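Asker: Each chain, written out:
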Amino acid sequence: MDGAAFSVVRDGASAGTFGSSGALSRRLDDFQFTLGEGPCLDAAQQGQPVLVADLTRSDEDRWPAFARAMAETGVRAVFALPVTVAGSRVGALDLFRHAPGTLGERSLAGGLLAARLAVLPLLDLITGDTDWAAAAEGRAGPPELASLERVEVYQATGMIMARLDVGPEDALVRLRACAFARKLTASEAAWKIVEGELQMDVDSSWYLADGGTGPSS
Amino acid sequence: MIQAFVALANSLVDQFDVVDLLDGLTADCAHLLEVDAAGLLLADRRGVLHVVAASSERTRNLELFQLQREQGPCLDCYHTGQAVAVADLREEHGRWPRFATAAVDAGFVAVHALPMRLRDSVLGTLGLFSARVGVLSDDDLNLGQALAHVASVALVHQRAAADRGAVNEQLQAALVSRVVLEQAKGFLAQRGGLDTDEAFRRLRRYARDHNARLTHVARSVVSRELPAQRVLDYSAARHRRVAEP
Chain A
3 MDGAAFSVVR DGASAGTFGS SGALSRRLDD FQFTLGEGPC LDAAQQGQPV
53 LVADLTRSDE DRWPAFARAM AETGVRAVFA LPVTVAGSRV GALDLFRHAP
103 GTLGERSLAG GLLAARLAVL PLLDLITGDT DWAAAAEGRA GPPELASLER
153 VEVYQATGMI MARLDVGPED ALVRLRACAF ARKLTASEAA WKIVEGELQM
203 DVDSSWYLAD GGTGPSS
Chain B
33 MIQAFVALAN SLVDQFDVVD LLDGLTADCA HLLEVDAAGL LLADRRGVLH
83 VVAASSERTR NLELFQLQRE QGPCLDCYHT GQAVAVADLR EEHGRWPRFA
133 TAAVDAGFVA VHALPMRLRD SVLGTLGLFS ARVGVLSDDD LNLGQALAHV
183 ASVALVHQRA AADRGAVNEQ LQAALVSRVV LEQAKGFLAQ RGGLDTDEAF
233 RRLRRYARDH NARLTHVARS VVSRELPAQR VLDYSAARHR RVAEP
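If you're matching them up, the sequences are chains A and B in order.
Going by the numbering used here, the letters in the first sequence line up with residues 3 to 219, in that order.
Going by the numbering used here, the letters in the second sequence line up with residues 33 to 277, in that order.
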């Protein structure tokens, strides 16, 4: 691959590029933001990978403005992989290559894994304390990811959404913050929330339930 | 048994909700095969197993199925494509230390895992947990396997799901539906001061009585298009006739 970029998409429009492997990738991704079209936006909206082996093929007419801009940079192949958080489509990971051709099975699997790992720094980004250096070193690795993908985490996320009147992405960030502050995994914090051991104030501070009283709302 | 298949056939003809259908199927399975819990695990694109339906919506039971993401008969069944039958889990600590301990603690000793197949690929597994020692009879196993096949057909409902991409898309949609359902359970539990099990019952009651898809109602609750209070109040009114949990 000659470049990679990760973009957040909101309401069908690119909200900007967050993290890219170099100036070229950033520029390529900015095209989608500027032009309002491209495989990344489609991948994010549909929740499906969009794989383009050759942008210059005559029957490739999905993104005329984007393809024209790409041609000037010499990029022929684009692979866009969707990124989801708690079931919501939030963006896409874009891979760019100068040489045309399809993405092999192994590269696709690797790309999909990378798209999932992109979720972790993205969550930090929403809270505004991104540590890209740490993410690059792999400190935010698969164990935390596995802990986010669980029934109790989805349920706890729903509870936080109801309590604070926020969306699933924000709720997940608050769950992670709560887990982090208590040195728990997201799954462990979620269990405490689901079972009413941990409750949240409207000012979003957590407290331990006393005497096992049910959630008050 | 015939009723179970009739209900299934009807739902396949009409427009149906995958998560609701599979929840019903696992409940029928548990009942017909006289096991204490049944759950369907579906693999995502990376081969990670997710709970997509279960005969009991208790979070702790869902967790037991989910645990087999790391080890257990369902994971083995998914990898080999072969059924796994365990008469007594207490003798299988060496095979699956974490899973065996958790299952026995939850009161289950016998476990079966049946593969859900589509042509040459394994989509996931049907897990059957029992509180009594012993394996199921061949007849029961065949019936369970038939139900697992039907679940595969229900999941990959598009007639022309010829290519792997289309199949993946449908499996992914089922998994996302499950995520939204869990969020809606949490949402209603929080608003109504209920446990998630009761929250699910109210959600389902509302969906059935309004002839709406479970997934659709769950999504509407989470997106606030449908006020949570309306679902809670509606079902609470009906619920009063039944004893409180």
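It is worth saying that the hints were derived from the structure and are not from the lab.
Computed from a prediction, not measured in an experiment: that's the story for all the values here.
We put the beta carbon where it would ideally sit given N, CA and C, even for glycine.
Don't take each hint at face value.
Quick list of in silico lysine to aspartate or glutamate cross-link-like pairs, DMTMM-like style, CA-CA up to 20 Å [stated by the list, open to error]:
(1) A:K194 x B:D152
(2) A:K194 x B:D227
(3) A:K194 x A:D172
Quick list of simulated restraints, FRET-style, between CB atoms [unchecked claim]:
(4) B:R90 x A:L115: 50 to 56 Å
(5) B:A163 x A:E62: 35 to 41 Å
(6) B:R262 x A:T75: 49 to 55 Å
(7) A:T104 x B:G79: 48 to 54 Å
(8) A:A73 x B:R92: 52 to 58 Å
To give an idea of the chain B side of the interface with chain A (calculated C-beta under 8 Å), a few residues [as the list claims (entries may be wrong)]:
(9) R77
(10) V83
(11) S88
(12) R90
(13) Q177
(14) V211
(15) A216
(16) K217
(17) F219
(18) Q222
(19) P259
(20) Q261
Asker: Would you mind marking each hint as holding or not holding in the structure?
Answerer: Tested hints:
1. A:K194 x B:D152: Given pair K194 (chain A), D152 (chain B) is violated - Cα atoms ~42 Å apart, limit 20 Å.
2. A:K194 x B:D227: holds, 13 Å
3. A:K194 x A:D172: holds, 19 Å
4. B:R90 x A:L115: 50 to 56 Å: Violated, at about 32 Å.
5. B:A163 x A:E62: 35 to 41 Å: violated, 59 Å
6. B:R262 x A:T75: 49 to 55 Å: holds, 53 Å
7. A:T104 x B:G79: 48 to 54 Å: violated, 22 Å
8. A:A73 x B:R92: 52 to 58 Å: holds, 57 Å
9. R77: holds, 6 Å
10. V83: holds, 6 Å
11. S88: Since chain A brings no Cβ nearer than about 12 Å to S88 (chain B), farther than 8 Å, the hint is violated.
12. R90: It is violated, given that the least Cβ distance between R90 (chain B) and chain A is near 11 Å, above 8 Å.
13. Q177: violated, 26 Å
14. V211: holds, 4 Å
15. A216: The hint holds - A216 (chain B) has a Cβ within 8 Å of chain A, the shortest such distance being about 6 Å.
16. K217: It holds, given that the least Cβ distance between K217 (chain B) and chain A is near 6 Å, below 8 Å.
17. F219: holds, 4 Å
18. Q222: holds, 4 Å
19. P259: violated, 11 Å
20. Q261: At 11 Å from the nearest chain A Cβ, Q261 (chain B) fails the 8 Å test, so the hint is violated.
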